[in-house]
Amino acid sequence: MDANGILLIILLFAVVLALTPVLGGYMARIYDGRARWLAPVEQGIYRLCGLDPDCEQHWTGYAMAFLIVHLLGVLALYGLMRLQAFLPFNPAAQTAVPPDLAFNTAISFATNTDWQNYGGESTMGYLVQMAGFTVQNFLSAAAGIAVAVALIRGFTRRSARSVGNFYVDLTRTVLYLLLPVCLIGSLVLVWQGVPQTLQGSVSATTLEGGRQIIAQGPVASQMFIKHFGTNGGGFFNANAAHPYENPTVLVNFIYMASILAIGAGLTNTFGRMIGDQRQGWALLAAMGVLLVAGAFATYWAEAQGNPALGFLTNMEGKETRFGIAASALFATVTTATSCGAVNAMHDSLLPLAGMVPLVNMLLGEVVIGGVGSGLYGMMVFVLITMFIAGLMVGRTPEYLGKKIEAREIKLAVIAILATPLAVLGLGALAMLTPAGLAGIAAPGPHGLSEVLYAFASSANNNGSAFAGLNGNTLFYNVILAVAMLIGRFAVVIPVLAIAGALAAKKTVPPSAGTFPTQSWLFVALLVGIVLVVGGLTYFPVLALGPVVEHLALASGTLF
Amino acid sequence: MSIHRPSSRSLLDGAILAQAIGDAVRKLDPRFLVKNPIIFTTALVAALATILTVRAAGSGAAQAGIMAQITAWLWFTVLFANFAEAIAEGRGKAQAASLRRSKADATARRVTATEAADPVEVPAATLRSGDLVLCEAGDTIPGDGDVVAGIATVDESAITGESAPVIRESGGDRSAVTGGTRVVSDRIVVRITANPGETFLDRMIALVEGAKRQKTPNEIALSILLVGMTLIFLIVVATLPAWASWSGTRIPVVFLAALFITLIPTTIGGLLSAIGIAGMDRLVKFNVIAKSGRAVEAAGDIDVLLLDKTGTITLGARQAVAFLPVSDIGERDLAEAAFLSSLADETPEGKSIVALARSRFRLTEPGSANLHFVPFTAQTRMSGVDMEEGRHHIRKGAADAIAAYAAAHPHAAPGGGPRDLIGLVEQVGKSGGTPLVVARDGRPLGVIHLKDIVKPGIRERFATLRAMGIRTVMITGDNPLTAAAIAAEAGVDDYLAEATPEKKLELIREQQQGGRLVAMCGDGSNDAPALAQADVGVAMNTGTQAAREAGNMVDLESDPTKLIEIVMIGKQLLMSRGALTTFSIANDVAKYFAIIPSLFLASYPELQALNLMHLASPQSAILSAIIFNALIIVALIPLALKGVDYKPAPAQTLLKRNLLIYGLGGLVAPFIGIKLIDLGITALGLA
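One line per chain: the protein sequences are A and B, in this order. Each residue of the first sequence is one higher than the one before, counting from 1 in the working numbering. Each residue of the second sequence is one higher than the one before, counting from 1001 in the working numbering.
A couple of the hints might just be wrong.
[What the hints assert, rightly or not] Here are the simulated BS3-like cross-link-like pairs (lysine-lysine), alpha carbons at most 25 angstroms apart as the crow flies:
1. B:Lys1035 x B:Lys1093
2. B:Lys1642 x B:Lys1035
3. B:Lys1351 x B:Lys1451
4. B:Lys1285 x B:Lys1093
5. B:Lys1291 x B:Lys1656
6. A:Lys410 x B:Lys1035
7. B:Lys1215 x A:Lys506
8. B:Lys1215 x A:Lys410
9. B:Lys1285 x B:Lys1215
10. B:Lys1503 x A:Lys506
11. B:Lys1035 x B:Lys1451
Honestly, the hints are just simulated from the structure, not real lab data. Quantities reported herein were computed from a predicted structural model and do not represent experimental measurements.
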């Protein structure tokens, strides 16, 4: 670890912290309906779709709309990939994507996972990248934010039936937040050297006289939303390690800040909408503690060097223009949020450093988390925390004046059960079947980590890959897609049901007997519950994977 | 603040203990077990382990010995949980038995009308609501009802434990009688208000026995959380062999069973119903009967407490505290006049005036018997004394009554009396007192300051309630001025002056609209709507049948300040659940560190580094964990029955304290416990 590396980490978090109230305040204006500067466009969209923006939905209607948008997204993506040979903007003449890969990829992008079982530049034509992936990057991000907003409304409303209108929330998110920011952001990327062209790849003669095909395309327009919307699906196979995706240290920094921006900002939006910003800061503090701890742990573990190689600096799988600190930090940020873009190969991180990204995902993507999903995922843990804390102060549990009763606990438990079921259950299937075992590249605990990482990444809709695992097989294409679906819908639907249940409740005014949730004690307890639930669930598999690998490495055994 | 405990039974009463051991075995019946999902799961796993052990023993497997021990401890876990519940129930059963004795096969004398003289002997069990029965001295009242004619003293010790008989009479607020109580003197006619099996006594027996115990809403929510955790651990343990197979590790199923049972929240799962029963039992000890567990739970949540002023906040009667003479009269003169006029006044106020005059000026009763006392009447609204053959008169009464008397008096001073009198009257009124004007021969001498005396210590109790986050509201019929002064003195947060039953009901509704939970106590029939509306309505046992029906708790001792204890018991109940849940979850960390290295040591010797406790062998590690898991249930039974300590404090402080004890304690305790058990096992050569 050196001063530059530490300074980089501090600078990043300072920038995100400064952005939080600005973006949070703006988002609060969007969802309160106060941001109106694109009203004519907005009204035009509603008229075009025959939508009554004032007609609010019951949580079931909201959930149905959420499902419909995802279904249409999956169908459109699948169609584009299967038919790309007949469609325009395909200068490299890419052929139809095989059905199982197209299925996996369609679900992957619609669910904001962006797990990629294909090489971007060698599989997908420009139309799929633009009209398919980029569009889904916007929609899946906006859909996640909409769910978080519906949940916030559950807290702000009293004895209400509806939680908002999904289509309106989706439209407003894209129109007022994602599009304007990404438009400007993409221009900055172009200035920094990210290509934005419809021309095919160019052929160059290298110094050694060899010929090299250099892929390019409409990269910049996809790149900003890829990070800002915590999608993470790369234009190129090498993702953000590719010089065209992530050309400079400045771009790398902008990516990391934009990955965290909405997730952190939403905590402030939450605070503003419920009328107490400190509540939002408390949530951000809980997320922040885990994020900062993760960032320093990864950096520290990685900076040690490889003990089996005389503590040689571990540069395997890293770009020299980023180095140890920026790679370790990017790995933490991209997994703490559900982004999944990578600027270094996580497979090549030392065991402990590689465990932090794994743990970030296994905790349920609540360390800042994905756009929207981080907030609502954390809220599920908050309900559990407040249930136990409420009992311990001798009151029936409540949070922000809403009583937490059997129904909310049942729904929260379903949401919490979903990902372990997908990670451990489906992962166990992979460990038992020849098709699953065939994909594992490394022996010993490292091989187990590859499988665990793949399921953790899919089920938590992160999408980053550990590399090593050969995922483009019928088995993994299908099973990982199932994991992604569980991770998205088995969490979102209970969360929306919670939003509906909370909105219908009365609000109890706080008293001296109410446990204040703006306090450090709350933050500590929330962090504790997140760690305990995650730790108790995954301790055995982590022990069999990165933990034992680390212990073995210390004694000189490599896997 | 201290909780006074009227009766306390030892935690480890021999008879209850023996009974509970038997019950623990009887409760192995799957129909009982299935009510508790965590313990039912444990029993299923134990049954599976039994089958596997028998098979292993049959084939002479080397592991059979350790498997048998693990299986035995799995069953012990179930038995200990059953035992905890049985002990909690046993204490209620003892109470129920004594209640049942007073129910014995009574007969009743039914009459057709209150004046009818031809009673028919019928078995008490055949009485229906609306029947009239005649009860005379020595009779046991055959069922719950209202006195419709007569007055009698009734011995209610069978219900309340209070040996002094109480008066029950027709009409008014003291008309309710309870089946099973005994008439000591006189005769009354009672209209039966409850059908057989629905009487107060029946319900009380059912309640203390826990026979009809239903899970409270919070208990249901907590159960769901515990089942959710069980499911997570089921996923973890069931998938573990698959993940472990990658390294070629094969884990014996019994070891997996042990891991599963140690991880699932058996501690809180096993003690949950005991906590609930014990909460009700603690109320019974305070002589409060809750009609449902839900009411006890709601008590912990109370935001607003409505308390009647008289008898609850202040002593029943007002006391004289000062003599305030008008400008040209000496204080002694006024005191003397007041003293003379009150000598024959038997009211507490009159007595207090005499006492005050004696202590201030050492006045003594005049020797001459030439005093003619004039009693208080509703018409004159004055009382007093005529002296020396009616040549001198002293009168005391309300300011307006005395003013009218003075104006009519032949020696009345022109201008209606001294000017500063009005000032004095107002001064006393503003301070929350009642001004009593004294006049001699038509000339007002001054004012006696009568004051409501706030009960000693009540102010501290309200401060405690405030610390608990509960607002107190005083209900009084006084005018707002007086009410405000007393409210300030007693330290209540708010008051409702000139209260009527309608205003009371409205206040409760208004508070509930704002999302607050309201508790109140009452005794009169006109309190019934408010008692029913309140989230926690405590009816006084001396009150009317209507009030007792409307409330969801009945205080057998009729002590309104008990609301405070009821709230504390409710909080204690919830806190016990929270504390033991936290403890249960925190325990898992140590269990992981004991079991996980043991399971994989053969494949990965490096994992020895995780064996933080340096347990002797993999077998002894697993056995120690499962033994600790079973024993901790027994160890925590006293805590579950007594409830965790509760000292009124802000939520933050409470949480910090409980987290430290049950969170941190729960983290550390099993590390020590498992290590000690491991040492024992190794010493005994069990593994």
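Please write out, lowest number first, the hints stated earlier that are contradicted by the structure.
-> Violated hints (numbers, rising): 5 and 11; every other hint is consistent with the structure.
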